[in-house]
Amino acid sequence: MTESKLNVVGQSVLRRDGLGHVTGKTVYIDDIKFRDMLYLKMVRSPVPHARLKGIDFSEAEKVPGFVRAFTHEDVPKNIYTILCLIGVGPDEEPVLVEDEIRYKGEQIAAIVAETEEAAMEAVSRVKLDLEELPAVLDVEEAIKPDAPVLKHWGTNYFIYEDYHCRRVRLGDVEKGFAEADFIVEGRYQTSPIEHAPAETTACVAKPEADGRITVYTNTQAIYFTLDNTALILQVPFQKLHFVGGTVGGGFGGKVDVLLEPIASLAAIKTGRPVKFKFTREEEMRCSSSRGAWRMYFKDGVTKDGRIIARKITTYADAGAYNRHTPYAVTKHAANIAGPYRIPNVWIDGYCVYTNRQPGSAMRGFGVTPASFALEVQMDKIAETVGLDPWSVRFINAYRDGDMKPHQKVVEDATLIEVMQAAAKMVGHELPEEYQKMSSQALEEG
Amino acid sequence: MASKIISFTLNGRLTEVLVKPLTTLGTLLREQLDLTAAKSGCKQGGCGSCTVLLNGQPVLSCLLPVEEVEGQQVITLEGITPTDGLNPIQEVFYENFAIQCGYCSPGMILVTKALLDKNPHPSREQIIDSLTGNYCRCTGYEPIIQAVEKAAQRLNGHEG
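Protein chains in written order, with the numbering used here: chain A, 1 to 445; chain B, 1 to 160.
Honestly, the hints are just simulated from the structure, not real lab data.
Where a beta carbon is used, it is the ideal one built from N, C-alpha and C, also for glycine.
The reader is advised that the hints may include incorrect statements.
Unchecked claim - In the DSS-like style, the derived pairs of lysine-lysine whose C-alpha atoms are separated by at most 27 angstroms in a straight line are:
no.	chain 1	residue 1	chain 2	residue 2
1	A	Lys-331	A	Lys-151
2	A	Lys-53	A	Lys-175
3	A	Lys-408	A	Lys-298
4	A	Lys-404	A	Lys-175
5	B	Lys-43	A	Lys-104
6	A	Lys-331	A	Lys-144
7	A	Lys-175	A	Lys-127
8	A	Lys-77	A	Lys-127
9	A	Lys-239	A	Lys-298
10	A	Lys-25	B	Lys-43
11	A	Lys-33	B	Lys-4
12	A	Lys-33	B	Lys-43
13	A	Lys-77	A	Lys-151
14	B	Lys-150	A	Lys-25
15	A	Lys-62	A	Lys-144
16	A	Lys-77	A	Lys-269
17	A	Lys-33	A	Lys-239
18	B	Lys-118	A	Lys-62
19	A	Lys-424	A	Lys-436
20	B	Lys-150	A	Lys-33
21	B	Lys-20	B	Lys-4
Unchecked claim - A few chain A residues that don't get close to chain B, going by computed Cβ distances all over 10 angstroms:
no.	residue
22	Tyr-28
23	Pro-197
24	Leu-240
25	Phe-251
Turn these sequences into a full structure, and let the hints guide you.
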């Protein structure tokens with residue numbers, strides 16, 4: 001038998017972009033410069049919640065190098081939601097604020113100028129007429145009846161197929177609690193996290209002779225961004241040519257559509273290339289962060305460590321707008337009961353709006369906070385029942401053929417094998433019964 | 001205030017530039033001279049992506065006024081890159097995957113050069129200490145530290 005020789009699998013293959021990176025020849029967005037290029041800077045809200053009654057550009061217009069200002073009136077379809085492309089709706093985020101500001105740092109007006117300094121100077125001279133409104137900054141406060149309402153549909157939560165939250169139901173949790181020997185409860189909270197890529201979010205939009213716009217961008221979601229930009233500008237998709245792929249760190253922080261539509265609009269209206277690059281401060285304070293979550297668990301457990309009922313109420317803080325959070329909640333609801341065989345599960349997952357900086361995608365978003373809360377809860381169960389943390393996970397581990405709470409039959413379980421391998425790697429001696437377990441074999445016990 | 005003519009040696013060549021007062025070296029390099037290897041990650045001295053060498057020492061070009069380099073020697077990553085191939089430090093960064101998104105790489109490589117020029121046999125602690133001003137959000141620090149160790153071995157001619 002001849003040994004098959006593989007060229008790439010099993011080999012260490014040098015990075016295709018590596019030579020550019022070590023010589024500094026890789027071209028990132030901020031390295032791009034065109035003759036006649038203009039610089040775009042944003043007028044942002046200094047407060048988390050307000051009515052915008054007026055904008056005065058008169059002093060800004062006097063700054064040498066000022067070219068023009070843009071407000072929502074210049075944006076063909078100003079209200080959007082990025083996930084409309086996968087059926088999420090209704091539209092609810094303005095490209096530029098119309099009459100209500102919903103978070104500190106929100107984009108109100110764009111100014112383009114001959115130099116970056118002139119654009120910043122002009123932004124600093126814009127006067128806003130604001131009527132500050134009470135802000136709601138906590139997810140549970142936001143869904144109380146007396147909270148200030150942030151959405152045009154009259155609630156501070158996303159509506160999932162006519163329901164106030166994403167619901168998952170399996171069996172009867174109340175029956176499970178009645179049969180349990182222990183009730184174990186927990187409240188878990190995660191914080192927003194900034195991706196802090198070394199390269200801030202940026203794009204350059206350049207009008208071409210044939211009427212198309214070339215957009216050089218460090219987005220992580222180039223087609224989502226192209227499509228959303230075309231929808232916002234109300235131009236055919238083929239009018240836009242997006243060039244990307246070189247990203248100086250993203251981690252989920254460059255999947256929203258905050259720069260390209262307005263930079264493209266400015267390029268169309270001025271006929272000149274326009275660069276829009278976040279400052280480090282904007283990256284920290286205005287770009288989407290990892291969303292914060294609050295999760296409540298109530299588990300019914302038998303004295304031999306079996307979880308027989310799990311009830312979870314969980315709140316995602318979307319901040320002021322959807323971005324990717326409605327989708328994150330669905331993913332979260334599908335995963336938060338864990339890779340465990342639990343006959344009775346009840347989950348209510350809320351996507352809640354507050355006057356905070358919007359949360360969005362970041363590395364496993366929706367699932368990572370669920371895993372944190374869930375596994376701390378598993379340790380709490382082990383402690384309550386008097387088992388070691390390994391046992392409680394082996395006892396409850398799901399296997400192929402089990403029904404997951406969101407009505408999907410498990411087909412590819414590997415939890416048991418992963419735990420067996422992990423135990424070996426950390427030098428933890430497992431009892432024989434756990435060493436012999438397999439995700440494939442459906443055993444009772 | 002009027003612009004000034006500043007002369008200094010940039011990557012081995014005598015260079016004269018006309019700059020407005022308080023223009024930073026980073027802005028001069030990137031915007032006026034089109035040397036874009038040094039990055040502009042934060043413009044507040046926090047990330048090290050703008051690192052260049054001033055008389056062989058790493059400095060943050062985003063904070064350094066050009067007036068301060070009058071008569072001195074500035075080296076950027078372009079200046080240590082051979083016409084053909086790579087500098088040994090670039091080689092080990094490339095071969096050992098001490099690069100991910102690449103944005104911190106110019107700074108990391110120049111800090112490594114400054115370290116190895118004055119200390120050809122650095123300890124792991126000295127390597128870590130020299131890299132503390134340079135941020136890598138891809139968190140590739142361990143491969144970078146190992147690359148610096150390998151670069152030292154290669155430059156000393158006894159690679160393991």
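Given hint A/Lys-62 paired with B/Lys-118 - CA-CA distance at most 27 angstroms:
violated, 53 angstroms
Hinted pair B/Lys-150 and A/Lys-33, Cα distance within 27 angstroms
Violated - the C-alpha atoms of A/Lys-33 and B/Lys-150 are around 37 angstroms apart, more than 27 angstroms.
At 10 angstroms, judged by beta carbons, does A/Pro-197 keep clear of chain B as stated?
Violated, because the least Cβ-Cβ distance between A/Pro-197 and chain B comes to about 6 angstroms, which does not exceed 10 angstroms.
Does A/Phe-251 clear chain B by more than 10 angstroms, comparing its Cβ with all Cβ atoms of that chain?
Since the minimum Cβ distance to chain B is about 7 angstroms, A/Phe-251 lies within 10 angstroms and the statement is violated.
Restraint check for B/Lys-150 with A/Lys-25, where alpha carbons must lie at most 27 angstroms apart
holds, 23 angstroms
Take the C-alpha atoms of A/Lys-331 and A/Lys-151, compute the straight-line distance between them, and say whether it is at most 27 angstroms.
holds, 23 angstroms
Please work out if A/Lys-77 and A/Lys-269 have their alpha carbons no farther apart than 27 angstroms.
holds, 15 angstroms
Hint check: A/Lys-33 vs B/Lys-43, CA-CA at most 27 angstroms. Holds or violated?
Given pair A/Lys-33, B/Lys-43 holds - Cα atoms ~18 angstroms apart, limit 27 angstroms.
Beyond 10 angstroms from chain B, beta-carbon-wise, is A/Leu-240?
holds, 25 angstroms
Does the alpha-carbon distance linking A/Lys-53 and A/Lys-175 stay inside the 27 angstroms limit?
Distance of about 55 angstroms is beyond 27 angstroms: violated.
Assess, step by step, whether the Cα of A/Lys-239 is no farther than 27 angstroms from the Cα of A/Lys-298, and give holds or violated.
The hint is violated at about 53 angstroms.
Would the pair A/Lys-62 and A/Lys-144 pass a check requiring their Cα atoms to be no farther apart than 27 angstroms?
violated, 47 angstroms
Of the numbered hints stated above, those contradicted by the structure are hints 2, 7, 9, 15, 18, 20, 22, 23, 25, listed in ascending order.
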